[in-house]
Amino acid sequence: MNSAALNRTTLPADWRDFLALTKPRVMSLVVFTGLCGMLAADVPVNPVIGFTAILCIALGAGAAAALNMWYEADLDAKMKRTARRPLPAGRMDRQSALHFGVGLAFFSVILMELATNRIAAAVLAVSILFYVLVYTVWLKRRTPQNIVIGGAAGAFPPVIGWAAATGNVTLLPVLLFLLIFLWTPPHFWALSLFVRSDYAAAGVPMLPVTAGLKTTRQHILLYTLPMGVAAVAPWPLGLAGAFYGIVASAFSLVFLGIAVQVWWNRATEPAGMKPEKRLFAFSILYLFALFGALVADKVWLS
Amino acid sequence: MAVVTDPEEEVRRRQKGRAIVMAVLLAAFVILVYAITIAKMSINR
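Chains U and G supply the protein sequences, listed in that same order. FYI, in my numbering the residues of the first sequence are 1 to 302. FYI, in my numbering the residues of the second sequence are 1001 to 1045.
No lab work stands behind these hints: they were computed from the structure. The beta-carbon is built from N, C-alpha and C at its ideal position, and this holds for glycine as well. Be a bit skeptical, because a hint or two may be false.
[Unchecked claim] Simulated DEER-style distance windows between Cβ atoms:
1) G:L1026 - U:L98: 14 to 24 Å
2) U:I246 - G:A1019: 45 to 55 Å
3) U:Q261 - G:A1019: 50 to 60 Å
4) G:M1041 - U:G103: 27 to 37 Å
[Unchecked claim] Taking beta-carbon pairs under 8 Å as the criterion, some of the chain U residues facing chain G (in silico):
5) P12
6) N46
7) V48
8) I49
[Said to hold, decoys possible] Stretches of chain G that chain U covers, calculated by requiring three or more beta carbons in the stretch to come under 8 Å of a beta carbon on chain U:
9) 1013-1024
10) 1035-1045
This is chain U alone, in the form it adopts within the complex (with noise of 0.2 Å):
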């Protein structure tokens, strides 16, 4: 071994390389939904405790996000898209990155029953569960619905920050849940129909590899319905006011739209996946939109 791998290998690892562990672009989304679950709420949250909750949910989502990736190193090493990772690049052994993950897991699910309640402390808890156990080790590489059902680990921030707020979870909070849970499959599937041959050369049953790209164009399509319908139903079921529907509606319109171009779409190469990678683009665009018009509408416009 030559002196510069070893050292990589017996250097302790940065702290810049335990923040990258927590997939902090991820987490940004993760954040927002979750105060817009504690927004939309309508409750009066002390400053401080409101600031501990929404923390509480960042670092659960950086524990599972460590978590995810010292199961996957191998996988990782495999894909260009995340080959640069710490564990993957040998900047930090798998260990490391283990007890970082399991501790910081436990300290937001603690912190969070102190701060706010045991409910939103459990559903934390079941987040960073559903992400670890069921998403990454059981249905990641054994299946192509793997983003259908391990995509509800991502839907529970709002839950949280609803059930932060309020101590209970109504039927708004599991309409915001059902969003996300719809939504994730369409955004993932447009990232994985221009990064396919990262996912068949690492293994991952992803569902252009097993099923081919115009079912999963067919699929993006079928997914993209259903999502539309709850995400404007928090209007019609009087949850939500008419600037929501209406900015929720607009979107969904816009949303379809894109997803029938990557229905009609018959590019076999990334760069003729124009309307996948705009859906993929739009998709993070559609619930930053949706989330602040719920809040602007139950906040300011109620």
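Starting from the known structure of chain U, arrange chain G on it as the hints suggest.
Chain G only, in chain U's frame:
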């Protein structure tokens, strides 16, 4: 940027970086627990 070649020096640099980050996080945690205690007391009053 200077390239550090001595492994021992690099180990010390990383340990120092981690120690500083840990100290900042612990201080932040102490402040947070204090603020939560005050907030809980004002809620329960």
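Do the hints match the structure? See the list:
With their beta carbons about 22 Å apart, G:L1026 and U:L98 fall inside the hinted range of 14 to 24 Å. Checking the proposed 45 to 55 Å range against U:I246 and G:A1019 shows it holds: the Cβ atoms sit about 53 Å from each other. For the hinted restraint 50 to 60 Å between U:Q261 and G:A1019, the CB-CB distance of approximately 53 Å keeps it satisfied. The beta-carbon spacing between G:M1041 and U:G103, approximately 29 Å, falls within the hinted interval of 27 to 37 Å.
With a cut of 8 Å, the hint placing U:P12 at the interface with chain G holds, because the nearest CB-to-CB distance is about 5 Å. Look at U:N46: its Cβ gets to within about 5 Å of chain G, closer than 8 Å, so that hint holds up. Hint status for U:V48: holds, given a least beta-carbon distance of 4 Å to chain G, under 8 Å. At about 5 Å, the closest approach between the beta carbon of U:I49 and any beta carbon in chain G falls short of 8 Å, and the interface hint on this residue holds.
For the region 1013-1024 of chain G, the proposed coverage by chain U is satisfied: 5 residues have a C-beta within less than 8 Å of a C-beta in that chain, meeting the threshold of three. Remark: the region 1035-1045 of chain G is confirmed as covered by chain U, as 7 of its residues place a Cβ nearer than 8 Å to a Cβ of that chain, reaching the required three.
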